[in-house]
Each structure stands twice: as structure tokens, then as C-alpha cells.
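Please arrange chain B on chain A, whose structure you already have, making use of the hints.
There are 2 protein chains.
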Amino acid sequence: MNEFDFIRQLREQTSARKTSTRIVCGIGDDAAVFRQSPDRDLLISSDLLVESVDFHGEATPPRLLGHKALAVSLSDIAAMGGRPLWSMVSIGLPQSAWASGFKEEFFAGYLALADRFGVSLTGGDLSQSQHVVIDSIVIGEVDKGRAVLRSTAQSGDQIFVTGSLGGAAAGLKLIELGARVRSPTVREGDDSQQAADGRPQEPARDASQASEPNDTADDEAIQQLLLRQLSPQPRVGWGIVLGEEQLATSMIDISDGLSSDLHHLCDESGVGAVIEAASLPLDENVVHLCGRRALDPLALALHGGEDFELLFTVSPKNLSRLPKRVDGVSISHIGEITEPSRGVRVREKSHEWDLPARGFEHFSG
Amino acid sequence: MNEFDFIRQLREQTSARKTSTRIVCGIGDDAAVFRQSPDRDLLISSDLLVESVDFHGEATPPRLLGHKALAVSLSDIAAMGGRPLWSMVSIGLPQSAWASGFKEEFFAGYLALADRFGVSLTGGDLSQSQHVVIDSIVIGEVDKGRAVLRSTAQSGDQIFVTGSLGGAAAGLKLIELGARVRSPTVREGDDSQQAADGRPQEPARDASQASEPNDTADDEAIQQLLLRQLSPQPRVGWGIVLGEEQLATSMIDISDGLSSDLHHLCDESGVGAVIEAASLPLDENVVHLCGRRALDPLALALHGGEDFELLFTVSPKNLSRLPKRVDGVSISHIGEITEPSRGVRVREKSHEWDLPARGFEHFSG
Chain A
145 MNEFDFIRQL
155 REQTSARKTS
165 TRIVCGIGDD
175 AAVFRQSPDR
185 DLLISSDLLV
195 ESVDFHGEAT
205 PPRLLGHKAL
215 AVSLSDIAAM
225 GGRPLWSMVS
235 IGLPQSAWAS
245 GFKEEFFAGY
255 LALADRFGVS
265 LTGGDLSQSQ
275 HVVIDSIVIG
285 EVDKGRAVLR
295 STAQSGDQIF
305 VTGSLGGAAA
315 GLKLIELGAR
325 VRSPTVREGD
335 DSQQAADGRP
345 QEPARDASQA
355 SEPNDTADDE
365 AIQQLLLRQL
375 SPQPRVGWGI
385 VLGEEQLATS
395 MIDISDGLSS
405 DLHHLCDESG
415 VGAVIEAASL
425 PLDENVVHLC
435 GRRALDPLAL
445 ALHGGEDFEL
455 LFTVSPKNLS
465 RLPKRVDGVS
475 ISHIGEITEP
485 SRGVRVREKS
495 HEWDLPARGF
505 EHFSG
Chain B
145 MNEFDFIRQL
155 REQTSARKTS
165 TRIVCGIGDD
175 AAVFRQSPDR
185 DLLISSDLLV
195 ESVDFHGEAT
205 PPRLLGHKAL
215 AVSLSDIAAM
225 GGRPLWSMVS
235 IGLPQSAWAS
245 GFKEEFFAGY
255 LALADRFGVS
265 LTGGDLSQSQ
275 HVVIDSIVIG
285 EVDKGRAVLR
295 STAQSGDQIF
305 VTGSLGGAAA
315 GLKLIELGAR
325 VRSPTVREGD
335 DSQQAADGRP
345 QEPARDASQA
355 SEPNDTADDE
365 AIQQLLLRQL
375 SPQPRVGWGI
385 VLGEEQLATS
395 MIDISDGLSS
405 DLHHLCDESG
415 VGAVIEAASL
425 PLDENVVHLC
435 GRRALDPLAL
445 ALHGGEDFEL
455 LFTVSPKNLS
465 RLPKRVDGVS
475 ISHIGEITEP
485 SRGVRVREKS
495 HEWDLPARGF
505 EHFSG
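Residue numbers (our numbering), protein chains in the order written: chain A, 145 to 509; chain B, 145 to 509.
Excised from the complex, chain A in its bound form (with noise of 0.2 Å):
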């Protein structure tokens, strides 16, 4: 048995003893939905972060895993459509990390991205562990009925894609081969103002260094990649977009991979879904270092996780009332949903294939 199957068996069991007419949707999405007054809808999310499963812990500024820890549950927060609000985490810490300023530094990694999106830290507990995990907490709001499920897509609706992808798998795949960020600087803001950031303040190992002769655009293409990797910048404006403006029919964010994760959204959904392998928004980083780095573009978009991305689909009734970006984050329309018999298929030029879902798994059996 799988995690996802198991996710689901435990759904079974859970959904059996409902009795709260207040849930409007519990296991099985990016958040829990609650309702909480007769307008308005309460979404909660949890993430676990194990340090050497989920995040390597010598790779990782502490800075940039506080920046993360709220990233993640801030993405399933806009994978809602939702308004994120209020934040709670929980840490358990060895003591040689609670003795130095690990958690000053992480703390201060967390509370300036909750500070960017006016979220306030509001409780959690702290325990002592041998290694360091963390459980993220957000909780956000919506209209009332305003939740965006992973679902409720029909077949003819479009498939969207915010931002770029593969660029955070390559970053891992560069941290496992010995690239290490030069600076703890957290990425601010959007994509465009990716190359502000990661300035060198002190010298750096990185890949390069094991393998071809370096130069200056490669090792900026794998700075960035490596800030992609540790610190990933969460849709919370185009969720609230599309959840308020209810342009978006299903959603979920790209946490495992595109191809699992439109794996989970066309089960729940009950439909297809086709993918044009030439609109997918590749990493430029990726691209600019493929020849060179045994990084496969196409291959890493498709599979890799943790980019971080909303991927949504949009009735083609409401596809002029969609914004070109949000807070200069621009979208890639992907792809369609088709009915269930279908399958989930990738299209390049006159070939046409099944898309395996061949994201991240914890358990696979």
C-alpha cells in the first residue's frame, strides 16, 4: 500500500463516522474547510518537514527553512483560493541546534515571509528530537462555497499552470551533488526579481567545482535554482484571485510533481486530462544549463516536486476574465481536460503518450 492509498482508506474510514455538517471538505485536499459563519469558510493546512526526507539539513540555511516551513502550507492555503490569516508551527529541535541560533535564524527566515503576506504567528509547541522536524500550520479563509477543490474539474475545462517548472527538482538534484547556496538571502517578491537576489557574500562550494570549468551565467543559473529548491515562493496572490473572482474550476499546488499531482486532481475529479508537452513552462535556469548539467528540462517539469506552482483549470467560458499575472507572476495554459476514458496523456508534436504519475512518494509499499 502506498501513502496515497492508505490517504484514501483512512478517508473511507473518516467519512463514514461524519457527523458534522460543518466540514466541508476534509482528508483528501490541499486544506480542511470548515464552515465558520454563514459567509465565510475556514481552511487549515498542515505540513510535516523531516529534516533529511523532506529537506537536507546540512544544505539548508536555517533562514531558509523558516522561510519554507510557511511557504509550503501557505501554497496549499492558495491552492484553496484562499486569504491566509493566521500561522502556527511546531518544532521539534536537537539540542546542538536549540544551543546555537538555529532557531533565530529560522524564526526570522518565517516570521519575515508571514510579515509579506500579513499573516500573523499565533501558537504551536516545541519539543526536543534527534533530528529537526517541523509541522507547518496555516489558516486561511474564504467566501462562503468559495473553496477551490481539487475536485470539481470537467471535462473541456483548461489546464493552467502558474510560474515556471522543474526548477526546484534541479536545485535539490544540485544540492545532492554538492552546490550549496552562497547566501542565505531569502528570495523576495516574483520571478522577475529572481536575479536581485542570492548575491555572493562569502565563497561557496558548489557544483561546479566537481565537475566542468565554471563560468559566471552557470553558477548564477545555479544559484537560482538553488534558492528555487530551499526557497520557494508560494501563489498566495493568484489563489486569492482565482478563488474570489471564482475563475478557477479545480486546483492544487504542485508539491510532488505535475504528473502526480494532476494524477490526484483528475481522480478526485473523476476526469482526464491532456498536456502539451511544448507549453509547459520550463525553467530558464534549467534550460540554460541542460547541455551541460545531465538536467533534462522536459523530464524535470513533468516529474520533479516542489516548485511550488498552482496548477488550475478554467471553464472556457471564464477564460478572457483571467488576468495575464498576478504580483508579476505570469500563467502557461498547459493543456485540457478530457473524459475519464481518456486517461492523463502528454502530447509532443504528432506523439501522444500516457503521463505515469512518477512524483514524490514517502511510501510506495
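Simulated from the structure, these hints should not be mistaken for lab results.
All residues carry an ideal CB built from backbone N, CA and C; glycine is no exception.
Do not rely on the hints blindly, as some may be mistaken.
[Claimed, not checked] Example chain A residues on the side facing chain B (calculated, C-beta under 7 Å, incomplete):
id, residue
1, A176
2, W242
3, L321
For chain B alone, kept in the frame of chain A given last:
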């Protein structure tokens, strides 16, 4: 800096930033409190349980761990005078636990307790980890403005505690001495039903093997104390009554230990307290065993953690309205809130001394 100093510092940082008027109570109480509608406030608690730190993996049957994970967060909601509604659980598991029956047993225990209080599991997260780690989240509510805080005790208020004290800490000591629970059966209901549970199902090794000759009454007392540690009973009914009837002026649950938790309450309220040692409801099984097992009932009652009883204060004018029992659980009148200059004291006959906060801390420096 110990963990309470750090939490205090984080609270100062966050409250300086606080912009939302909908946060009724943030960092520093048993749960965060939010205004959700014109007539209701929302409560959210989060508790992190780490193997080998917050529980002994080998001594804790997964079913009891599932029970305890939910119980500790239900206790937090009770300590706010709230009614629990929904829950979430994020869990990190080693591959070995995933492949064994751990998760099924864990959720059987968790969901049985959830059913008992009409709480619905609505989401969470799953990750791999080196040791078992659980973040337990419970969402509850109270009528607007009725959340019972730690910070609102006043001089002259009378101090009460539900149930009995010291049993959970004695259970932990017995586990450390090698005692093991015989049956994974979760102790259901109130104290008066204790004797109906923990029935032998298989041979067990227990502390008695390592010490004096066995006897049936000792054996039964040991099993009760193990269950007191492994299968705590959250005082949900008392929490609801004290909150809805506006009987408690302040409240906290006893997780770190009476001495530490009373200090937390007094610090937050800016008051002192005096406790009558003779009035403390010592756990009867600890008293039964104390002569033979080096357990000190008074020290365990004062400083032992994890009883998950409610410690609360009542204005003199409301004493006559206090029920004697709720759900079969009685309360004890153990002392009085005083002026802050008096400090936190214990009185035993003609002696009186300062009560140090000697309960549990994860990080002391």
C-alpha cells in the same frame, strides 16, 4: 535561555507585529483563539510528540499512542473551556513502522477517542522520518469571549484541580524501570471505570520482576499507573462546563506538572498562589505502591507531568455553582490565588515553602 524564555521572546516579537484584531489570544496559552463570527470564537491547539523524548516507543503500543496523541490536544481545548469539533494529524514514520501494522493500530486508537467526543479527523500530513513523530491538532470553539485564559486569575480566587495527580509520572517511572502494559486496550471513560480496563491478555514483563515479590494488588496498581501515563483521559466534559457556565476565571491543563503549570498560570495572571499539600488529590495507586517502590506521592503530585488534569480558578461568588462531578470525574479544592508578592507557595500543617517550578522542560539552557 530555556524554552519558556524563548517562547516569551517569540511572543513579544509576534505581538509587536500583530495586525489582526481577530486574534483573541496568540502564543502563550493552551490554544490560540480567533474570532470567527459575531458570536463564536475558534480554538486551535497543536502538540508535537517525538519518540524517545515525549514517549517511549518500545513501551507504547501504537493503539495507545494514537489515543494519547489526540488526548493531549483535546486536553488543550478543554483547558480553554472549549468544545472540540475537528482534528488533524501530521505523522512521520520510519519505513519499518509503515510496513508493519503501526499505522492501522495508531489510527484505531486515535479514531476510537475521536468518536467518543464526536470529533472528526479532517486532514494532516504524512512523511517519512527516522523516529516516530506526531503533530496533533485539534480545532474547537467557544461562545464569543468565553475562552478561559491562563492570564485572568485574580487574588482571592480559589484553586481547583480535576481528578488525581502524580499517576502519569509514576507510570513513566515504572516504564523506565521496565514495566510494560499488559493490554493495548484503551482505558475508556472516567476514573471510576479504571478497574474495568487493562485486563491481562498476554504474559508481560513488568517492574515487579526487577524488584520485590509480586502480588495481585501491586500488579493491578502498576497496570493502572502505566495506563495513566499511556492512555490519559482528557477532561473534555469539565472543560465545556467550566467554559460555558463561566465558572473558571483562569485555566491550564497539567502537562508539564502542577508546579510548573501553576507557575505559568500565576506568571501570566500576575498573581501568587498558596497550595494546601493535604488537599492535593494524590493518585491512589501511587499511594498504594509508595512504601515499596520508591515513589513519593506528594513530589509526584507537585512536579510530575502528563496527568492532563485541569487546573483552574474560581471566583468565591461562584463556588456554590460548581458541580461535584462531571462525567464521573470529581474535583479537589487545593488552594487560593494570592497577591503576586506572596509568590507561589505550598503549605503543609504549620510549614509553608516556595514551590519551585520543577516540572518538565525540553530545553533548560
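Does the interface hint hold: is A176 (chain A) within less than 7 Å of chain B, judged Cβ to Cβ? holds, 4 Å
So, L321 (chain A) near chain B? Judge it on the closest CB pair being under 7 Å. At 22 Å from the nearest chain B Cβ, L321 (chain A) fails the 7 Å test, so the hint is violated.
Hint check: is the beta carbon of W242 (chain A) less than 7 Å from a beta carbon of chain B? With a minimum Cβ separation of about 5 Å from chain B (threshold 7 Å), the hint on W242 (chain A) holds.
The structure does not agree with numbered hint 3 stated previously, though it agrees with all others.
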